[in-house]
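Engineer: So the protein lines, in turn, are chains A, B and C.
Numbering of the first sequence is given in our numbering, commencing with residue 1066 and proceeding in unit increments.
Numbering of the second sequence is given in our numbering, commencing with residue 671 and proceeding in unit increments.
Numbering of the third sequence is given in our numbering, commencing with residue 1353 and proceeding in unit increments.
Hint data in this document are derived by calculation from the structure and do not stem from the laboratory.
One or more hints might be untrue.
Covered by chain C, according to a simulated footprint, are these stretches of chain A (three or more residues, beta-carbon under 8 Å) [as the list claims (entries may be wrong)]:
1) 1205–1211
2) 1215–1227
3) 1308–1319
4) 1356–1362
The calculated DSS-like cross-link candidates involving lysine-lysine, where the alpha carbons are at most 27 Å apart (straight line), are [to be verified]:
5) K1620(C) <-> K1394(C)
6) K933(B) <-> K952(B)
7) K1234(A) <-> K1620(C)
8) K1234(A) <-> K1394(C)
Residues from chain C that face chain A, not an exhaustive set, calculated with beta carbons under 8 Å [as the list claims (entries may be wrong)]:
9) A1371
10) L1378
11) P1386
12) A1389
13) Y1501
14) Y1505
15) I1601
16) V1627
The C-beta atom is built at its ideal place from N, Cα and C for all residues, glycine as well.
Single-letter residue listing:
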Amino acid sequence: MSEAELVEGAGAFPQDVAEFEAVTGPPRSLWSDAWRELRANRLFVASATFILVFFIMALFPTLFTDADPRHCLLSRSALPPDSIAWFGYDLQGCDYLARTVHGARVSILIGLSVTTFAVLIALALGSAAGFYGGLVDTLVSRATDVMFAIPTLLGGIVILSVLESRGLKEVSLVLIVVGWPTMVRLMRSSVISTREADYIDAARTLGATDWRIITRHILPNSIAPVIVYATITIGVIISAEAALSFLGIGLQRPAISWGLMINTAQTRFHTSPHLLYFPGAFLSVTVFSFILMGDALRDALDPKLK
Amino acid sequence: MTTMDAQATVGGRPVDPTAPLLAVDDLHVEFRTADGIVQAVNGVSYTLREGETLAILGESGSGKSVSAHALMGIIDSPPGFITHGTAKFRGVNLFDLPEDERRRIRGSRMAMVFQDALTALNPVFTVGWQISEMFRQHEGMSKSKARERSIGLMERVGIPSARERVDSYPHEFSGGMRQRVMIAMALALDPDILIADEPTTALDVTVQAQIMRLLADLQQETGMGMILITHDLGVIAEVADNVAVMYAGRIVESGTLRDVFTKPAHPYTLGLMHSIPRADQKGERLEPIIGSPPDLLHIPSGCSFHPRCPYARQPECSTRVPDAHVVTGGRTSACHFWQEVQNG
Amino acid sequence: MGRYALRRLFHFIPVFFFATFLVYALVFAMPGDPIRALAGEKPVNAATLEAMRERFNLNDPLLIQYVKYIKGVFTGDLGTNFAQRPVWDILSQRIPTTVRLAIVAFSYEAILGVLAGVLAGLKRKGFMDMLVAVSTVSIISIPIFVLAYLAQYALGVQLGWFAVSYNANEWTSLILPALVLGSTSLAYIARLTRTSLAETLRADYVRTATAKGLSRRRVVGIHALRNSMIPVVTFLAVDIGSLMGGAIITEGVFNVPGIGREVFAAIKSQEGTVVVGIVVFLVVIFMVSNLIVDFLYAALDPRIRYE
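All chains should be built: construct the whole structure from the sequences, respecting the hints.
Structural biologist: Take a look at the structure:
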């Protein structure tokens, strides 16, 4: 080792970050980490598969059944499952498999639309309240407080009892009205915790406008809990619509809804349990899948669990 | 239990009167995680004598806290495991003792002060209750007597109006006062060893100085051995007798405070000294050590510092783990080329 | 503590009035004739309809209507059904039954839920943990009406363990409906306890307690539990309020003559005014119990008291 090399080496700490990263590897983002973790999580894959199946069922019911759910023969009333009608027949004599498959559409539609709207409202109101604070926050918070004072099911029942017609639109609207407060509150608290971060101050000192800060910095970092909750909410809304239809205060015939199917057959369960099992099972599995997926998302997106 | 009894046994076993207060030898701690095995502590050895303060210096991830937790026996196992080494408290190996003996030692013979008193103190119990708990649980003292002792302790650590504040909750105190409460709690049963894990990191600079002064004074009074864990060079300057610099789970340099600070014998220590901004360097560039501490799942081969080291030379530095070369008596450096480092 | 209580009260009062006004407006301020809408397809003669409109002061401006209505609520006047029978009459007979049902359901869900949650939270990824995680999600996913009929069929008809529907003379016939009613809440309580305890066990002060040389039993049973139970207790307290309202489906299925079944029946027979009256009553109960919970929370967590 020559003198020259010795002297050269001393005091010159490596200045090249690229050279250093060659050893450690590039930095990873939360989203790519989360996606990798999710792909490996069997529960996530299973629930996502089920949800996909239900989506397809809602979009293309004919893939699962050729029977017409509205073609009913009273002579076949409440017959149990056989080789032609795998799910049997309901009280009116309609093919139960067909009815159950077609029932998926209503559930997925309501679940998705209500949740989407609730999320949009939450994005707007929640981030405004969380980011700006002051009067905006007070107004939004008081509004959510008032809404929270009314239990969801009761609120839904009251509103629906005054409506003349109870179609898809009306039920969805009612569910949006009783569902937005939780989402807004969640978004607001998420934004508040993100807002305190140093990188927000940094962006501000660099001259970023409020709009840019909200869209480029705050939203991407505060949206994770909302995504998790939205997924679970889809399941909750599907369950809520079924409960309302079951009570008779939600969708009405001739709409096909799992809750309604269970309502119509109430009195005959002891003798024809298949009338309860099939829509009940479909309801449970659908809700179960959404909740499970939400749980998996939460575990993947929560940096604290890393 | 009187101090005389306490000094005769540790964990029910007779002490070795010739042995130092604490002797850690070749300690290895690993964490078995889903991503692999994390080698948190890789062969750490040091000695602590009565009345002495040993400062363990290192960045986050250097293993300094984990080694202390291993001594206290508070590592979650699983996933943490002590895979090798001994920790002899007056000659008695702590790792050989059954859990209930270790529990008896914890808090009463060997105590720990943690970094952030706000989270380290239980928020739903009063400060007095938490301090008294030491007396009530370890010594079976009555509530009223324990309370009196707690008030006394609070006064001793410099908390004003102790009698009024003994029934207050942790969040009602300022940062510095809270830390004093933690110190009072740790000192309650007159431990032989006090481990302070980053005791001032969460505090303002002026309060830092007060707390360090308090610790130094208390040590003078009680003659206990103190292990001070920190990443802050400035904090240890007044208090430490000896220093052990840790990197990636190993001690890279050790010796007396003066020796290590004035003539570092390891590139990492040298880098640390150079990276402190000093008033007489005004106008010059700051010299950080480029890069970050290694991912403990993938510690670099050979000397773990070699990717960031200006003295690194192939093939030795990336293939052979340096031993703790003896620089002078009691002074070690884990660098293949420590002489060059010392000489500039 | 007093200042905190006052502040909660100041917060409660406007929320109370706004919320009841909202419910009132949603029903009586909708376009069209609310009385007609509340009657649904029920055949009611015009004279009765007019009398109802008078009764509910629908000819007054909205705000006055509401004031009169809320005054009525405070004095126990919740309106009448279409046969002029006071809603409060109907309601007051049903309250004791629902309360009994709620108490049984609450005891079962609180004891079992907390127990399961603690066992699960103590060892993350342990057997109890996995069991609780899977079974609670399953229970929550099954809509309560499906659960009710399933339980009735499986445990009542098939196995014959419990009475299939309520019998006023046999208190044991309350057990099955109480089990069903409490099931969803039990699942939530177990999950909440489990998460809360698991999180608390990772807290710094738990590590400090261990470092103090305290026994594991004490560290978990006193230091950890005292903290982790705060959200659970507050949830339990809120749940009592919602048990009263949530019994609608359960009481309907098991034919328990309580408040819920009254709502259930009123919906079926298109007695909209009864539905509204009972709902307003339940909303008031819910809000008052939430207020009590706010005070309870301050009693449990000293950090809140001094905010």
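Engineer: Each hint needs a verdict: does it hold in this structure or not?
Structural biologist: Hints, verified against the model:
no., hint, result
1, 1205–1211, "holds (count 3)"
2, 1215–1227, "holds (count 10)"
3, 1308–1319, "holds (count 5)"
4, 1356–1362, "holds (count 3)"
5, K1620(C) <-> K1394(C), "holds (10 Å)"
6, K933(B) <-> K952(B), "holds (22 Å)"
7, K1234(A) <-> K1620(C), "holds (22 Å)"
8, K1234(A) <-> K1394(C), "holds (24 Å)"
9, A1371, "holds (4 Å)"
10, L1378, "holds (5 Å)"
11, P1386, "holds (6 Å)"
12, A1389, "holds (5 Å)"
13, Y1501, "holds (5 Å)"
14, Y1505, "holds (6 Å)"
15, I1601, "holds (7 Å)"
16, V1627, "holds (5 Å)"
Consistency note: the structure conflicts with none of the earlier hints.
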